[in-house]
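Each chain, letter by letter, is given below.
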Amino acid sequence: MTDQDRKPALRLEGIVKTFPGVRALDGVSLSVMPGEVHALMGENGAGKSTLMKVLGGLHQPNEGRIFIGDEPVVMGSPMDAKAKGVVFIHQELSLAEELSVAENIYLGQLPRKSFGRVDWTRLHADSDAILKRLNCGFGSGAIVGELSIANMQMVEIARALTVDAKAVIFDEPTASLTDAEKVVLFEVIADLRKQGVGIVYISHRMEEIFRISDRISVLRDGAYRGTLKTAETDEDEVTRLMIGRSLDLSRNAEHVELGDVALEVRGLSCGKLFHDVSFDLRAGEVLGFYGLVGAGRTEIAETLFGLRTPTAGKILLKGREVTIHSPMDAIAHGLSLVPEDRKSQGLILGMNCRDNITLPQVDDLTAGPFVSDGAEIAIFDQYRDRLDIKTPSWRQLVGNLSGGNQQKIVIGKWLSMRPEVLIVDEPTRGIDVGSKSEIHNLIRELAKSGYAVIVISSEMPEVLRVSDRVAAMYSGKLMRIFTADEVTEDNLVQAISGLSENSRVA
Amino acid sequence: MQKDTRARLIKDGAIWGFIVLELIFFSVAGHFLSLSENAFMDLENMLLLLKQSAPIGIIALGMTMVMINGNIDLSVGAIFALSAVVMLDSMGWAVFAPLGDWVIPISWALALLTGMALGAINGLIVWKTGVDAFIVTLGSMLGFRGLVFMYNGEQPTFHLNWTMVDMAQASVFGLQTPSLVLIACTAIVWWILNKTIHGRNVYAVGDNREAAVNAGIRVGPHMMINFVIIGFLAALSSVVFYSASGSVNPNDGMLYELWVITAVVLGGTKLTGGKGSVIATFGGVIAIQLLRKGLGHIGADTAMVSLVIGSILIVVLYLDKQLNRKGAEDLKL
Numbered sequence: 001m002t003d004q005d006r007k008p009a010l011r012l013e014g015i016v017k018t019f020p021g022v023r024a025l026d027g028v029s030l031s032v033m034p035g036e037v038h039a040l041m042g043e044n045g046a047g048k049s050t051l052m053k054v055l056g057g058l059h060q061p062n063e064g065r066i067f068i069g070d071e072p073v074v075m076g077s078p079m080d081a082k083a084k085g086v087v088f089i090h091q092e093l094s095l096a097e098e099l100s101v102a103e104n105i106y107l108g109q110l111p112r113k114s115f116g117r118v119d120w121t122r123l124h125a126d127s128d129a130i131l132k133r134l135n136c137g138f139g140s141g142a143i144v145g146e147l148s149i150a151n152m153q154m155v156e157i158a159r160a161l162t163v164d165a166k167a168v169i170f171d172e173p174t175a176s177l178t179d180a181e182k183v184v185l186f187e188v189i190a191d192l193r194k195q196g197v198g199i200v201y202i203s204h205r206m207e208e209i210f211r212i213s214d215r216i217s218v219l220r221d222g223a224y225r226g227t228l229k230t231a232e233t234d235e236d237e238v239t240r241l242m243i244g245r246s247l248d249l250s251r252n253a254e255h256v257e258l259g260d261v262a263l264e265v266r267g268l269s270c271g272k273l274f275h276d277v278s279f280d281l282r283a284g285e286v287l288g289f290y291g292l293v294g295a296g297r298t299e300i301a302e303t304l305f306g307l308r309t310p311t312a313g314k315i316l317l318k319g320r321e322v323t324i325h326s327p328m329d330a331i332a333h334g335l336s337l338v339p340e341d342r343k344s345q346g347l348i349l350g351m352n353c354r355d356n357i358t359l360p361q362v363d364d365l366t367a368g369p370f371v372s373d374g375a376e377i378a379i380f381d382q383y384r385d386r387l388d389i390k391t392p393s394w395r396q397l398v399g400n401l402s403g404g405n406q407q408k409i410v411i412g413k414w415l416s417m418r419p420e421v422l423i424v425d426e427p428t429r430g431i432d433v434g435s436k437s438e439i440h441n442l443i444r445e446l447a448k449s450g451y452a453v454i455v456i457s458s459e460m461p462e463v464l465r466v467s468d469r470v471a472a473m474y475s476g477k478l479m480r481i482f483t484a485d486e487v488t489e490d491n492l493v494q495a496i497s498g499l500s501e502n503s504r505v506a
Numbered sequence: 001m002q003k004d005t006r007a008r009l010i011k012d013g014a015i016w017g018f019i020v021l022e023l024i025f026f027s028v029a030g031h032f033l034s035l036s037e038n039a040f041m042d043l044e045n046m047l048l049l050l051k052q053s054a055p056i057g058i059i060a061l062g063m064t065m066v067m068i069n070g071n072i073d074l075s076v077g078a079i080f081a082l083s084a085v086v087m088l089d090s091m092g093w094a095v096f097a098p099l100g101d102w103v104i105p106i107s108w109a110l111a112l113l114t115g116m117a118l119g120a121i122n123g124l125i126v127w128k129t130g131v132d133a134f135i136v137t138l139g140s141m142l143g144f145r146g147l148v149f150m151y152n153g154e155q156p157t158f159h160l161n162w163t164m165v166d167m168a169q170a171s172v173f174g175l176q177t178p179s180l181v182l183i184a185c186t187a188i189v190w191w192i193l194n195k196t197i198h199g200r201n202v203y204a205v206g207d208n209r210e211a212a213v214n215a216g217i218r219v220g221p222h223m224m225i226n227f228v229i230i231g232f233l234a235a236l237s238s239v240v241f242y243s244a245s246g247s248v249n250p251n252d253g254m255l256y257e258l259w260v261i262t263a264v265v266l267g268g269t270k271l272t273g274g275k276g277s278v279i280a281t282f283g284g285v286i287a288i289q290l291l292r293k294g295l296g297h298i299g300a301d302t303a304m305v306s307l308v309i310g311s312i313l314i315v316v317l318y319l320d321k322q323l324n325r326k327g328a329e330d331l332k333l
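Sequence order for the protein chains is S and W. Numbering follows this note's numbering, with no gaps: position 321 of the first sequence is 321. Numbering follows this note's numbering, with no gaps: position 33 of the second sequence is 33.
No lab work stands behind these hints, which were simulated from the structure alone. Hints may contain errors.
Said to hold, decoys possible - From chain S, some residues computed to sit far from chain W (all C-beta separations above 12 Å):
id, residue
1, E98
2, D119
3, K194
4, G267
5, D276
6, G374
Stated by the list, open to error - Computed from the model, here is a short list of chain W residues facing chain S with C-beta under 7 Å:
id, residue
7, L271
8, T272
9, G274
As the list claims (entries may be wrong) - Computed list of lysine to aspartate or glutamate pairs in DMTMM-like fashion (alpha-carbon distance at most 25 Å, straight line):
id, chain 1, residue 1, chain 2, residue 2
10, S, K272, W, E210
11, W, K321, S, D119
12, S, K343, W, E210
13, W, K270, S, E146
14, W, K321, S, E146
15, W, K270, S, E97
16, W, K195, S, E438
17, W, K275, S, D171
Small disclaimer: the values here were computed from a predicted structure and weren't measured. Every residue gets a Cβ at the ideal spot worked out from N, C-alpha and C, and that includes glycine.
Full structure from sequences and hints, please.
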């Protein structure tokens with residue numbers, strides 16, 4: 001694919017970007033050939049997004065040059081970048097939900113008639129043409145807020161097709177796509193590349209990268225670490241380049257002595273979100289919940305934790321039926337939830353480490369009318385040591401900690417409530433590869449010390465690594481529970497895509 | 001999908017249903033309670049109501065734009081007063097004396113320019129400092145009001161010009177100038193919001209500012225234009241009102257911002273931006289004026305009027321929240 005005599009579609013040369021106190025990018029170079037899929041990898045904080053912001057005109061580089069074809073260019077603004085043929089597909093949906101699909105596709109460049117009027121006929125005709133190319137099942141007049149997340153992502157992708165792009169940058173585009181939709185996306189990418197468009201593909205998912213990319217460039221700590229040809233390398237080599245060492249990606253093989261049944265769920269339903277879910281969970285066991293986004297996994301956790309009212313079904317804790325009306329009930333019954341979104345649901349970023357850990361029980365830690373500082377610090381110390389939280393002191397604001405340490409604070413907070421059942425939703429989302437395995441080991445250890453643990457995750461390696469059993473969810477239904485011995489990547493993928501029901505996925 | 005459209009229609013039409021309800025209530029209650037002989041739903045009374053809605057209504061149109069845009073402007077009452085001061089004072093300036101009645105358009109233009117300049121100041125500060133519009137316009141509300149007092153102390157500013165009064169009270173088909181201006185402005189702002197690129201960007205920026213930035217919309221200047229528009233409309237409202245009355249007190253226009261925001265919110269515009277319609281705002285303005293007038297008609301005093309409108313606002317927003325819930329599936333607070 002990468003003929004040496006062809007000129008790159010997009011070339012970055014020695015880009016340096018500094019922020020006060022940080023050298024975010026340190027002489028990064030990158031070239032993307034026309035018709036090439038160039039994967040960009042790196043841990044969180046390695047500088048990928050800063051690099052893309054420089055390329056998109058949101059930041060100006062302190063040093064270095066950007067070339068499109070042969071011409072050096074300066075990206076003054078996102079508009080500028082787009083006009084020059086560099087198009088972004090953002091990871092986080094960047095849509096105005098109250099507006100129509102067409103208006104979102106042409107956001108910022110609506111076709112113009114006299115007196116600054118919008119040319120609606122042209123807008124809808126052009127948008128419909130693009131949607132047809134993408135095989136989308138909705139029209140350009142639909143309101144974006146009423147579409148499914150995956151369809152919203154397709155709208156985002158449709159934006160790339162509005163201009164004559166020379167390079168398209170995909171930032172984690174598959175995060176919320178179903179497998180069927182991924183296929184469409186990969187077709188779109190193949191289509192673009194046939195037209196000679198250079199593609200930069202940012203993703204954490206190795207299997208995708210190895211499936212579609214031609215070359216892989218790796219960033220670490222803001223510095224360029226090298227470029228590998230996909231056909232000549234393997235996951236291990238890429239990982240080593242990313243984190244400087246190999247990673248333990250093995251499956252969970254240990255068998256722990258299981259205790260009594262801690263949690264039984266019988267026929268639990270909640271409206272259209274999920275229905276008839278039944279499972280058991282024993283002390284000392286890790287049950288993994290795997291499925292696509294929107295399959296109802298998080299909703300089950302929220303129902304167990306008293307955040308949603310079940311419409312049917314029973315929850316039994318240690319054999320006794322309980323009704324959980326609120327998180328307070330759940331905590332009192334020995335259930336704890338480490339939520340999906342650490343920053344908005346799990347932590348108060350502006351508070352210090354100690355206060356975050358003791359938040360749920362601060363009512364009980366009193367000395368007379370005041371909060372007992374000593375008791376709080378004692379609890380903090382205990383969990384800092386036990387979970388190996390790296391922070392200079394309890395006074396540190398949690399907003400300043402790394403993702404891995406933040407997650408440990410949340411886990412510590414709930415452990416200090418002495419739960420019997422611990423539910424962990426997406427334990428390593430947004431945590432870099434190095435700290436991931438630390439969190440995984442922690443979860444295994446917690447199970448070993450007698451907690452019953454539910455782990456909800458969208459990453460298959462993670463589920464396979466930590467779980468004793470894996471529950472596969474599809475579209476609100478619990479499809480099957482696998483034991484660690486019988487689960488394979490193939491049968492798991494089949495279970496979460498609903499087998500023959502693939503076409504129904506929206 | 002069909003059900004969604006119907007739900008949408010019901011919600012968008014709610015304000016008109018509310019108005020009908022008010023009309024029925026006040027007609028029936030007025031029949032028993034009112035001291036006056038006239039029916040409430042008398043044509044003349046309704047035309048008067050439209051005219052009385054104009055000062056708040058014209059500003060509310062601009063507020064709708066600013067609020068859809070995700071901002072707010074608390075300084076409209078002060079802009080209203082300051083524009084009036086400029087208009088009435090400038091009519092007496094010696095430079096304009098030889099112009100005779102031609103001073104009227106000049107004074108109007110000066111007042112409108114004042115409004116636009118004050119709006120531009122708000123917009124520029126919001127754009128350049130990135131400080132929340134609530135804070136910026138809270139400051140300018142106090143600041144602009146200070147300017148009003150610096151002009152003439154506690155004294156009213158007045159200038160009576162009968163030609164101007166005649167113009168302000170002219171009427172077509174029984175609609176007086178203020179009503180005509182309100183209707184025309186509603187049409188124009190509707191056109192801007194629904195047909196022009198600037199208008200569609202108003203929604204986009206309010207809905208998802210980051211997306212708008214990513215899409216290359218220059219959000220700062222864009223927001224400033226909207227502040228200029230609301231400044232213009234506040235001044236226009238003032239021109240229409242004070243051309244007829246000819247005298248402005250330094251305290252005039254106080255609390256206008258709250259009435260205006262109440263009308264806009266009643267009309268269904270989201271406080272967080274991205275959603276709203278001027279037609280519904282027009283309905284909100286009429287609904288409030290109906291309440292004020294209707295409660296007066298059945299003999300309630302002004303204190304009662306405030307209490308009722310306040311309660312209704314909260315009830316309406318609560319109902320709106322309930323309508324938007326997804327029932328049992330929803331996450332508990």
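Right, here's what the structure says about each hint:
no., hint, in the structure
1, E98, "violated, 5 Å"
2, D119, "violated, 9 Å"
3, K194, "holds, 27 Å"
4, G267, "holds, 16 Å"
5, D276, "holds, 16 Å"
6, G374, "holds, 34 Å"
7, L271, "violated, 14 Å"
8, T272, "violated, 11 Å"
9, G274, "holds, 5 Å"
10, S:K272 <-> W:E210, "violated, 32 Å"
11, W:K321 <-> S:D119, "violated, 35 Å"
12, S:K343 <-> W:E210, "holds, 19 Å"
13, W:K270 <-> S:E146, "holds, 17 Å"
14, W:K321 <-> S:E146, "holds, 18 Å"
15, W:K270 <-> S:E97, "holds, 13 Å"
16, W:K195 <-> S:E438, "violated, 55 Å"
17, W:K275 <-> S:D171, "violated, 29 Å"
Checked against the numbered hints above, the structure breaks hints 1, 2, 7, 8, 10, 11, 16 and 17 and satisfies the rest.
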